[in-house]
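Colleague: The residues making up each chain are set out below.
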Amino acid sequence: MKTAIVIGTIVATRKEEGLVGSKLLLTQPVNMSKEPIGEPFIAVDTVGAGIGEFVMYSTGTASRNAANKPKSSIDAAIVGIIDGYDIRTDLFDDKK
Amino acid sequence: MKTAIVIGTIVATRKEEGLVGSKLLLTQPVNMSKEPIGEPFIAVDTVGAGIGEFVMYSTGTASRNAANKPKSSIDAAIVGIIDGYDIRTDLFDDKK
Amino acid sequence: MKTAIVIGTIVATRKEEGLVGSKLLLTQPVNMSKEPIGEPFIAVDTVGAGIGEFVMYSTGTASRNAANKPKSSIDAAIVGIIDGYDIRTDLFDDKK
Amino acid sequence: MKTAIVIGTIVATRKEEGLVGSKLLLTQPVNMSKEPIGEPFIAVDTVGAGIGEFVMYSTGTASRNAANKPKSSIDAAIVGIIDGYDIRTDLFDDKK
Amino acid sequence: MKTAIVIGTIVATRKEEGLVGSKLLLTQPVNMSKEPIGEPFIAVDTVGAGIGEFVMYSTGTASRNAANKPKSSIDAAIVGIIDGYDIRTDLFDDKK
Chain G
1 MKTAIVIGTI VATRKEEGLV GSKLLLTQPV NMSKEPIGEP FIAVDTVGAG
51 IGEFVMYSTG TASRNAANKP KSSIDAAIVG IIDGYDIRTD LFDDKK
Chain F
1 MKTAIVIGTI VATRKEEGLV GSKLLLTQPV NMSKEPIGEP FIAVDTVGAG
51 IGEFVMYSTG TASRNAANKP KSSIDAAIVG IIDGYDIRTD LFDDKK
Chain R
1 MKTAIVIGTI VATRKEEGLV GSKLLLTQPV NMSKEPIGEP FIAVDTVGAG
51 IGEFVMYSTG TASRNAANKP KSSIDAAIVG IIDGYDIRTD LFDDKK
Chain X
1 MKTAIVIGTI VATRKEEGLV GSKLLLTQPV NMSKEPIGEP FIAVDTVGAG
51 IGEFVMYSTG TASRNAANKP KSSIDAAIVG IIDGYDIRTD LFDDKK
Chain W
1 MKTAIVIGTI VATRKEEGLV GSKLLLTQPV NMSKEPIGEP FIAVDTVGAG
51 IGEFVMYSTG TASRNAANKP KSSIDAAIVG IIDGYDIRTD LFDDKK
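Residue numbers (my numbering), protein chains in the order written: chain G, 1 to 96; chain F, 1 to 96; chain R, 1 to 96; chain X, 1 to 96; chain W, 1 to 96.
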């Protein structure tokens, strides 16, 4: 699973049936310093994530599992809202 | 799911059976400013997308689900036409 | 699906059973100007593609579907020979 | 499977059901010199890995298999703790 | 399928059950000139590949198929030993 911040929403009236009824969130991958890495993509919300929230997302079959829509065209989903984390930042000091 | 713009069509007479009858669209991945990112690829149309339209696409099993051709060699499909979106562009101001 | 040009063949006597009987083509991904992008890889032929032909390929489960070998170790297959295409090259003029 | 070092843990109260009960480890991909390559991601622990340990991880269906949660939204899992390895570093000398 | 050279072995006593009994080979992706491209990874051997051999590998479900362990956490496997190959190197001369 990877980390991201929800940055917006998408409206698409003509869309594959399996996407109907799912909230389409514009999602910006970020690193653990919450800096953007790569381009935004579209994920289905499965945990009630709001704009600006720091989240976990899954891709592929995992995302359809999260949305409980195995036969849909979903290939990315928000699967968790991150409350907190701890990192041992010293682990690579000898490599710097 | 990711964003793209449909830029053309492909003609392939000799092709895998599962592709027969599907419209093969030449698709250019773009970011949210509709700037090209990466190389064009070929996606099956499942929502009646036209040339120049801003679309959502899925890859892998999701794309075969969208085309309703689980046993085909489809690995990318257009699954939505984007009407509009909103983005909170201020979310990363402190990171610039 | 992505575009490539077939550039050669591979001989591998000791190989996974599911690959036996399949033609192993050395395949160079190319863009729509037929310029090489990335490294060559090995794909199973499913449409009678020859050396130098401009083709479409699929990866993952799609490739095993194309070869009709769902239990094999195939993860890339040539699934179409491209006769022609049209591209609206003006779509990004305002972005240049 | 790829190599990584476990660098921390993630806390996410609101998360997809299939993730409940699984330890969420912050995982830094590393090369064989244990130098960071790419961004950290979140993997489910399946072998009792601790912070700082040199591990193997799998992604996609393999990760759900490791966690024995095929219907979950898991898409990455720690699947082994590396005790040791040997590398023939001379194999590419003629290429340098 | 992609090309690589086997460069070593990995020892991991604590590992996912499905990996037990499989030989874990340290595998360096290479191009057709046998130059390293990207980082080494770990693949299960399914064809008796030895250190230094030029091989083909598959990833994802294809790798579990090759190892005949569909429920394991394997996501990469060596699936062929390359005896020889031919390449039409002139195909892109006009592009240089």
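Hints were generated in silico from the structure; no laboratory data involved. Certain hints may be false.
The calculated EDC-like cross-link candidates involving lysine to aspartate or glutamate, where the alpha carbons are at most 20 angstroms apart (straight line), are [said to hold, decoys possible]:
| id | chain 1 | residue 1 | chain 2 | residue 2 |
| --- | --- | --- | --- | --- |
| 1 | G | Lys34 | F | Asp94 |
| 2 | G | Lys23 | F | Asp94 |
| 3 | R | Lys95 | G | Glu39 |
| 4 | R | Lys34 | W | Glu35 |
Cβ pair distances, simulated, as ranges [claimed, not checked]:
| id | chain 1 | residue 1 | chain 2 | residue 2 | range |
| --- | --- | --- | --- | --- | --- |
| 5 | G | Val20 | W | Glu39 | 39 to 47 angstroms |
| 6 | G | Lys71 | F | Lys95 | 24 to 32 angstroms |
| 7 | W | Asp90 | R | Lys23 | 20 to 28 angstroms |
| 8 | F | Ile37 | X | Asp86 | 50 to 58 angstroms |
| 9 | W | Asp94 | X | Glu53 | 20 to 28 angstroms |
| 10 | R | Pro70 | F | Gly21 | 15 to 23 angstroms |
Partial list, derived from the structure: chain G residues whose beta carbon lies under 8 angstroms from chain X [as the list claims (entries may be wrong)]:
| id | residue |
| --- | --- |
| 11 | Lys2 |
| 12 | Val20 |
| 13 | Met32 |
| 14 | Gly84 |
| 15 | Arg88 |
| 16 | Leu91 |
We put the CB at the ideal spot given by N, CA and C, even for glycine.
Colleague: Next step is simple, just say for each hint if it's right about the structure.
Modeller: Evaluated hints:
Of the supplied pair hints, the one linking Lys34 of chain G and Asp94 of chain F holds, its CA atoms being roughly 10 angstroms apart against a limit of 20 angstroms. At most 20 angstroms may separate the alpha-carbon atoms for a hinted pair to count; Lys23 of chain G and Asp94 of chain F exceed this at roughly 28 angstroms. Taking the CA atoms of Lys95 of chain R and Glu39 of chain G, the gap is about 17 angstroms. The hint holds against a cut of 20 angstroms. Pair hint Lys34 of chain R plus Glu35 of chain W does not hold up; C-alpha atoms about 24 angstroms apart against a cutoff of 20 angstroms.
Separated by about 41 angstroms at the C-beta atoms, Val20 of chain G and Glu39 of chain W satisfy the suggested range of 39 to 47 angstroms. Take Lys71 of chain G and Lys95 of chain F: their Cβ atoms lie about 39 angstroms apart, and the range 24 to 32 angstroms is violated. As the Cβ distance of Asp90 of chain W to Lys23 of chain R is approximately 21 angstroms, the hint placing it in 20 to 28 angstroms holds. The given range of 50 to 58 angstroms is broken by Ile37 of chain F and Asp86 of chain X, whose C-beta atoms sit roughly 41 angstroms from each other.
Distance hint check for Asp94 of chain W and Glu53 of chain X: the Cβ-Cβ separation is about 52 angstroms, which falls outside the suggested range of 20 to 28 angstroms. For Pro70 of chain R and Gly21 of chain F, the hinted distance range of 15 to 23 angstroms is satisfied, since their beta carbons lie about 22 angstroms from each other. Hint on Lys2 of chain G holds. Least Cβ distance to chain X is approximately 5 angstroms, under the 8 angstroms limit. Because the closest C-beta pair between Val20 of chain G and chain X is about 20 angstroms apart, greater than 8 angstroms, the hint is violated.
Hint status for Met32 of chain G relative to chain X: holds, with the closest Cβ pair at about 6 angstroms, below 8 angstroms. Given the 8 angstroms rule on beta carbons, the hint for Gly84 of chain G holds: about 5 angstroms separates it from the nearest Cβ of chain X. Of the supplied interface hints, the one on Arg88 of chain G holds, with its beta-carbon coming within about 5 angstroms of a beta-carbon of chain X, less than 8 angstroms. Checking Leu91 of chain G against chain X by beta carbon gives a least distance of about 6 angstroms; that is within 8 angstroms, so the hint holds.
Hints 2, 4, 6, 8, 9 and 12, counting from the list given before, are not met by this structure.
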